[in-house]
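Starting from the structure of chain A, add chain P where the hints point.
2 protein chains.
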Amino acid sequence: MTTYQKIVLASRPQGQVTPDNFRLETADVPPLQDGQVLVHNHYLSLDPYMRGRMSDAKSYAPPQALGDTMVGGTVGIVVESRHPDFAPGEAVLGSLGWAEMGVADGVQLHKIDAAKAPMQAYLGVLGMTGVTAWYGLTQIMQPKAGDTVVVSAASGAVGGIVGQLAKQRGCRAVGIAGGPDKCRYVVEELGFDACIDYKAGNLFDDLKAATPNGIDSVFENVGGEILDASLAQMNPHGRIALCGLIAGYSGALPPLKNVRVLLTMRVKLEGFIVFEHLDCWPQALQELGAQLAAGKLIYRESVAQGLVSAPQAFIGLLQGKNLGKQLVKLV
Amino acid sequence: MTTYQKIVLASRPQGQVTPDNFRLETADVPPLQDGQVLVHNHYLSLDPYMRGRMSDAKSYAPPQALGDTMVGGTVGIVVESRHPDFAPGEAVLGSLGWAEMGVADGVQLHKIDAAKAPMQAYLGVLGMTGVTAWYGLTQIMQPKAGDTVVVSAASGAVGGIVGQLAKQRGCRAVGIAGGPDKCRYVVEELGFDACIDYKAGNLFDDLKAATPNGIDSVFENVGGEILDASLAQMNPHGRIALCGLIAGYSGALPPLKNVRVLLTMRVKLEGFIVFEHLDCWPQALQELGAQLAAGKLIYRESVAQGLVSAPQAFIGLLQGKNLGKQLVKLV
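Quick note, the sequences are listed as chains A and P, same order.
Each step along the first sequence adds one to the number in our numbering, with nothing skipped, and position 237 is 237.
Each step along the second sequence adds one to the number in our numbering, with nothing skipped, and position 55 is 55.
Since the hints were made in silico from the structure, they are not lab data.
The structure displayed is predicted, hence computed values, not measured ones.
Hints should not be assumed to be uniformly reliable.
One copy or two, it doesn't matter: identical chains are merged, so the pair holds either way.
[Claimed, not checked] Capping the alpha-carbon separation at 30 Å, the derived lysine-lysine pairs in DSS-like fashion look like this: (1) 58 - 208; (2) 208 - 116; (3) 321 - 58; (4) 58 - 167.
Next comes chain A alone, as it looks inside the complex (with noise of 0.2 Å):
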């Protein structure tokens, strides 16, 4: 192979996501320099977070220039190396992109044992979205026997993990998702005590019913009404855990109305992004791996097929199409 194919951003979109956002390129697979690696990525990771870097507007990270190869995590194997550590053939996790291929620094690559797990599981459960559930919960909600969290987007990768972890602690967990089919999932086979399905219309009063000793803790993946929502039930010294605003990557976010629960409950909210943490990622990994190994941490993954359906399947993502992790299988 001496051309690969890569997804660029095209332009930013206004509003909703479109395909014309995006565009597909054949590159030249690059001569190697000396530390660096070439990867022949196997899964790329879509996750809600890239849509804000396809915007210009202020975040926690720049915004990626246009024209430039999409942002994403993934895995791969080693085709080439001039980095001592690596060697062709290893499993590396990697931030390679949209793309089939990809040049790193033997730094940002991590081996990965996948014997232990399937490769795309580092992308998951065993990576940012396991870690990203595990930071909210354990650092932010802290959880304790008893207490009744809340999870939107239940049924999404991280939301999926936050539920089961809160369980094993002895909470009472109740999701929110967006249909009856992605609540059964959540209840049936994540084992949630209950799921809000907030088109259902009755989104208030369903979740007070579901949450009859009200709300110690939020896993907030949404905002907007949902969060209204979890706020109305909220118990004094409430924690909200901050990981994403949904509602609000293809617009305007629908400001928030019960602002004064923040006060009268003595709520503690906190927005984070993981990669800012990363001394609590050992800590993490080694709870998700033990679950994982011990056939307690259930996961789906919505798989699709082919770099060149990564932009409909990230827009499915954004309207929340996909059940569990979102992925692109690239061979």
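Only chain P this time, still in chain A's reference frame:
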């Protein structure tokens, strides 16, 4: 004196507080039981939190019952005592409400040193007001030298102290207040670096201009657009001490629009009530007392004369008519 006057809650406000929500009553001075103390109140403290107690919405404290004496902090002189720790003539801090006199169990009273500071200072800078400022600043905002700290309702009793304590820690203190007189007071008397007049019509731009290095932490007393303006300038890992939401005390609280910043800047927001942190009071009062004794803590009082003036003074407080601590002088 065998009778005294008190003001009770006559009706719950619908939106704005009005004089007919209150009723002046005459009560008999009751005979003392063992362990009780009769106090002649000299000053009553008026504070925004009282608005919450007048409503029956769920909050951190139960609403006060219709017909009961309005709650409130008081300082006064012991008239009669059947408690071994208190003797007639001693100055005490209590929570005897909107009343000329009151009977308290000894445990509800604290002796104050009227030689160290005027009696009413124990309702303000050396009491709940000062500790509220200290707690939010030191425990939630955790300022470092060089930080930019924004304080809303900066000309109020709490806000004025927050800014001064922040300046003493090497911060840039920027206030937000309503009208040129208040802003002049905040800068020229209290020593803030700048103060934005939100009534001037350019809140967002003016605050941006006054915070060229962004905002590291916020002491929030107001909410709504005032908080949105601070969020728009927030630096990564900003902290918000949520002390009050006076924008919503006389009607619906305006929704919060810049919620996205809480995520993108990984902000920590915490609502708090100073009475839940009694362990901090000694340390806070030590610093406040030392600063006051050294002449480094400036404060003003707005004093209404006579119990009968309390309702109008309280309505004025909610409308921002006071400068500094709002008191009612009862003798």
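*Taking each numbered hint in turn, which are not upheld by the structure, reported in ascending numerical order?*
Hint 2 contradicted; others consistent.
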